[in-house]
Amino acid sequence: EAHGRYTQFCFPPFCYQPLVTPGTRRFFAVDSGLSGVLVTKVHDSAKDKLHKHDIILSIDGQQVGCDGKVPLGGGHETRVDLSYAFFEKLTGDVCALRVRRKERDLDILATLKPHKPAIPEDPSHASSLDYFMVAGLLFQPVSKMYLEAADQDERGGLEKSMSKHTDWCKEEVANHQMIVLGDVLQHPVNMGIDYYKDGTVCIIDSKEARAATAELMNRFEVKADRSLHTARR
Numbered sequence: 001e002a003h004g005r006y007t008q009f010c011f012p013p014f015c016y017q018p019l020v021t022p023g024t025r026r027f028f029a030v031d032s033g034l035s036g037v038l039v040t041k042v043h044d045s046a047k048d049k050l051h052k053h054d055i056i057l058s059i060d061g062q063q064v065g066c067d068g069k070v071p072l073g074g075g076h077e078t079r080v081d082l083s084y085a086f087f088e089k090l091t092g093d094v095c096a097l098r099v100r101r102k103e104r105d106l107d108i109l110a111t112l113k114p115h116k117p118a119i120p121e122d123p124s125h126a127s128s129l130d131y132f133m134v135a136g137l138l139f140q141p142v143s144k145m146y147l148e149a150a151d152q153d154e155r156g157g158l159e160k161s162m163s164k165h166t167d168w169c170k171e172e173v174a175n176h177q178m179i180v181l182g183d184v185l186q187h188p189v190n191m192g193i194d195y196y197k198d199g200t201v202c203i204i205d206s207k208e209a210r211a212a213t214a215e216l217m218n219r220f221e222v223k224a225d226r227s228l229h230t231a232r233r
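Each residue of the sequence shown is one higher than the one before, starting from 1 at the first, in the numbering used here.
Be a bit skeptical, because a hint or two may be false.
Listed next, the in silico PhoX-like pairs over lysine-lysine satisfying Cα-Cα at most 25 angstroms (straight line) [stated by the list, open to error]:
| # | residue 1 | residue 2 |
| --- | --- | --- |
| 1 | 144 | 160 |
| 2 | 102 | 164 |
| 3 | 49 | 102 |
| 4 | 89 | 41 |
| 5 | 69 | 52 |
| 6 | 49 | 170 |
| 7 | 52 | 170 |
| 8 | 102 | 69 |
| 9 | 170 | 113 |
| 10 | 164 | 52 |
| 11 | 144 | 170 |
| 12 | 41 | 144 |
| 13 | 223 | 207 |
| 14 | 41 | 102 |
| 15 | 41 | 52 |
| 16 | 47 | 113 |
| 17 | 164 | 116 |
| 18 | 49 | 69 |
| 19 | 116 | 144 |
| 20 | 170 | 89 |
| 21 | 170 | 160 |
| 22 | 116 | 102 |
For the record, the hints were derived by calculation from the structure and aren't laboratory data.
Produce the entire structure from the sequences given, and follow the hints as far as they go.
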C-alpha cells in the first residue's frame with residue numbers, strides 16, 4: 001500500500017558471526033558495555049556501505065547483542081534475531097547502522113533493497129521456464145525451483161560447480177543467467193554426452209545439429225526449440 005505495488009521484503013545485506021567468546025570481543029575491540037556481531041560477508045547491495053569485519057553495534061538505535069539478537073520492541077522483553085529488524089521494513093526504507101570499524105565508531109545510513117539473488121528463488125520469475133535446445137542438448141537457467149527438483153547427488157554437484165562462479169553475496173544482473181545442460185535427448189549426434197557434467201566440450205556440425213533438432217522436435221512433439229522470456233523483457 002505504501003508504494004502502490006509489490007516491492008518484496010527487505011533482508012539483512014550482510015552475513016554475521018556472533019561474538020560470544022571474550023577473546024573474540026577483545027580482538028575486535030568490542031569493549032565492556034558494548035555488544036554486536038561480526039560482519040563475515042557483505043551483499044552487493046551494501047558493498048559501498050559495509051566492510052567485511054565491521055562490527056554491527058546497533059540497528060535503528062536498537063543495540064545488537066553479541067548473540068545476534070535485538071529487542072522485539074513494543075514493550076516486550078523478548079529478543080529476536082536481528083534479521084527481524086530488516087524484514088519489517090519496506091524496499092527503499094533507510095536503515096541507520098552504528099558500526100565499529102578498526103576501533104572507530106561510524107554511523108551509516110543504508111537504503112534497503114529487496115532480495116534478488118543471482119540464482120532466482122521466485123517460482124514465478126520470468127526465466128523460470130526458459131530453455132534452449134540444439135541437437136538434443138537442453139540448456140536451462142538455474143533457479144531454486146530447478147535445484148529442488150534435482151536428486152540429492154545431482155544437486156550437490158551443481159551447487160559445487162556454481163560456487164565457483166557465484167555465492168550469496170551476488171545480486172541478480174539483468175539479462176544474465178547461470179545456464180546448465182539440464183538434459184540430453186538421445187540422438188547419434190550427441191552420443192556420449194551426459195548432462196550435469198562440468199567442463200564438457202562438445203563439437204557438432206551446424207547442419208547436423210539443425211537436422212537433429214528438427215527430428216527430435218518432431219519425435220517428442222516439441223513446438224519450439226527455445227523459450228526465452230528474459231530476452232523478450
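Verification of the hints:
With a C-alpha separation of about 14 angstroms, the suggested pair residue 144 and residue 160 falls inside the 25 angstroms cut-off, and the hint holds. Restraint check for residue 102 and residue 164: the C-alpha separation of about 30 angstroms exceeds 25 angstroms, so the hint is violated. Between residue 49 and residue 102 the CA atoms are separated by roughly 15 angstroms; this keeps the pair inside 25 angstroms, and the hint holds. Simply put, residue 89 and residue 41 have alpha-carbon atoms about 21 angstroms apart, close enough for the 25 angstroms limit, and the pair holds.
Simply put, residue 69 and residue 52 have alpha-carbon atoms about 19 angstroms apart, close enough for the 25 angstroms limit, and the pair holds. The suggested pairing of residue 49 with residue 170 holds, with an alpha-carbon distance near 15 angstroms, which does not exceed 25 angstroms. Proposed proximity of residue 52 and residue 170 is supported: the alpha carbons are some 15 angstroms apart, at most 25 angstroms. Between residue 102 and residue 69 the CA atoms are separated by roughly 23 angstroms; this keeps the pair inside 25 angstroms, and the hint holds.
With a CA separation close to 13 angstroms, the supplied pair residue 170 and residue 113 stays within the 25 angstroms bound. Proposed proximity of residue 164 and residue 52 is supported: the alpha carbons are some 20 angstroms apart, at most 25 angstroms. A hinted pair counts as satisfied when its Cα atoms are at most 25 angstroms apart, and residue 144 with residue 170 qualifies at roughly 15 angstroms. Distance restraint check for residue 41 and residue 144: the Cα-Cα separation of roughly 21 angstroms lies within the 25 angstroms cut-off, and the hinted pair is therefore satisfied.
Taking the CA atoms of residue 223 and residue 207, the gap is near 20 angstroms; set against the 25 angstroms cutoff, the hint holds. Between residue 41 and residue 102 the CA atoms are separated by roughly 17 angstroms; this keeps the pair inside 25 angstroms, and the hint holds. Under the criterion of a C-alpha separation no larger than 25 angstroms, the hint pairing residue 41 with residue 52 is consistent with the structure, at around 6 angstroms. At most 25 angstroms may separate the alpha-carbon atoms for a hinted pair to count; residue 47 and residue 113 meet this at roughly 12 angstroms.
About 19 angstroms separates the Cα atoms of residue 164 and residue 116, which keeps this hinted pair within 25 angstroms; it holds. Distance restraint check for residue 49 and residue 69: the Cα-Cα separation of roughly 22 angstroms lies within the 25 angstroms cut-off, and the hinted pair is therefore satisfied. As the CA atoms of residue 116 and residue 144 are separated by approximately 12 angstroms, the hinted pair is consistent with the 25 angstroms bound. Of the supplied pair hints, the one linking residue 170 and residue 89 holds, its CA atoms being roughly 21 angstroms apart against a limit of 25 angstroms.
Annotation: proposed proximity of residue 170 to residue 160 holds, straight-line Cα distance about 16 angstroms (limit 25 angstroms). With a C-alpha separation of about 31 angstroms, the suggested pairing of residue 116 with residue 102 is violated against the 25 angstroms cut-off.
Going through the hint list in order, the structure does not satisfy hints 2, 22.
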